[in-house]
Amino acid sequence: MPLPRLIPCLDVAHGRVVKGISFVQLRDVGDPVELAAFYSEGGADELVFLDITATPEERVTMTSVVQRVADVVEIPFTVGGGVRSVDDASRIIESGADRVSLNSAALADPSLLSAIADRFGSQAVVISIDSADGVVYTHGARVATTIATIPWAVEACERGAGEILLTSIRHDGQRRGFDLELTVAVRDAVNVPVIASGGAGSAQDVADALRVTDGALVASIVHENPSGLGGLRREIEALGVALRPLKEGHE
Amino acid sequence: MKPVVVVDYGAGNTRSVCAALTHLQRESLLTNDPKAIREAEYVVLPGVGAARSAMERLNETGASSALRKRFREGGSTLGICLGMQLAMERSDEGGGVKGLGILEGDVTLLRAGRVPRLGWSIVEPWGEAYYFAHSYAVNSPRAVASADGVTAAVRHKSFLGVQFHPEKSGSAGLDFLDQCLSLA
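In order, the protein sequence lines correspond to chains B and D.
Per our numbering, the very first residue in the first sequence carries number 1; after that it's consecutive.
Per our numbering, the very first residue in the second sequence carries number 1; after that it's consecutive.
Calculated from the structure, these hints are not laboratory results.
Treat each hint with caution, since some may be false.
Using C-beta positions, here's what the derived DEER-type ranges look like [unchecked claim]:
1. A112(D) to I147(B): 28 to 36 Å
2. G149(D) to V18(B): 28 to 36 Å
3. V144(D) to N225(B): 38 to 46 Å
4. S182(D) to A148(B): 52 to 60 Å
Idealized CB from N, CA, C, for every residue including glycine.
Pulled out of the complex, with its shape left as it was, chain B reads as follows (with noise of 0.2 Å):
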């Protein structure tokens, strides 16, 4: 099994990113490429870029940010965020991109989520789920839905989805853990890697979460502190969790 993954989550809108970057060493903190590059190098091990106003006509802008952060970070990353057909996939990836993650749109149409995967592959394509109280919300976590979340996990799966990223909407934001009951549920039901997302609140919430799965999404734990996430990193390690040894020169 590869090691388990420490995925901060950027949310972007109009090409800047918002929430809650409190930092001083960045000339810009609302540049995404700038962030990305200095999360890349504090040890990263990939990033996910949420484009949470994802209207037609921010998709130049998130177009052009996703390509200068291929030019300048050699770590993974995912695009999330007004992904709702095949060419809205191929733009992202062939603008430098590893994976676009599909949320409302794949609810509405399933079957884009095969057509991503018989062009990319399913290591390109992942599934965000939001979910509470065992059904999927869509709309940014707004809009309750009668889908279950578990029939849904497998279902997109089986249509092609390579990762899920599954969000616990009661935990998101609340920084007391995370959902491991959910996540655990999501992770034995599928076989692909499942990141479990909304919840951590310290190095102790996501060691937690990184010894049940393949990887945990960290937000505001390190906006608040960027240049802390290599500190972060060798606290999970203190807590057990191995992750990847960093090559000499990150922090």
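Starting from the known structure of chain B, fit chain D onto it as the hints suggest.
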């Protein structure tokens, strides 16, 4: 220094390979021109996408025979991920695909662990962690390195193939690419 030729077969992420070469202050040329491929000092056969369409594209453009000729003439080539898998004799992917046949061996679906296999693994005997993203793996007598029991690298004469993505493996990956280029 002559540019490094990156073989363009219309699939996926060639931008990252070119970006990594730029980091190493090497010029890159993205092309499917058989003459350029045959005569280059160094060729990278990158790899993201599906084996069948990739192979069809390489055959249509004449890049396949250029790569084989290049190999016979001792030209250095690095195959990355699908680029390494395409160099084998055959692949089970897409209902069975005939490869370039540069190396003995075949490509089969991963059976152990989660598939696709995504993430960083330590490659032995090199002792360094690199990034992997694949569902199929190589079985070959030419294997020279492995990770989690999966073939991580093959070498035969002037062809080196790696299953991992050096262009996505941070500073370890850049160092690896740099070494490949300087040894060529």
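Quick rundown of the hints versus the structure:
Under the hint 28 to 36 Å, the C-beta atoms of A112(D) and I147(B), about 31 Å apart, fit the expected range. A hinted range of 28 to 36 Å for the beta carbons of G149(D) and V18(B) is inconsistent with their spacing of about 43 Å. Between V144(D) and N225(B) the C-beta distance comes to about 42 Å, which sits within the given range of 38 to 46 Å. Distance hint check: the CB atoms of S182(D) and A148(B) are about 55 Å apart, consistent with the given range 52 to 60 Å.
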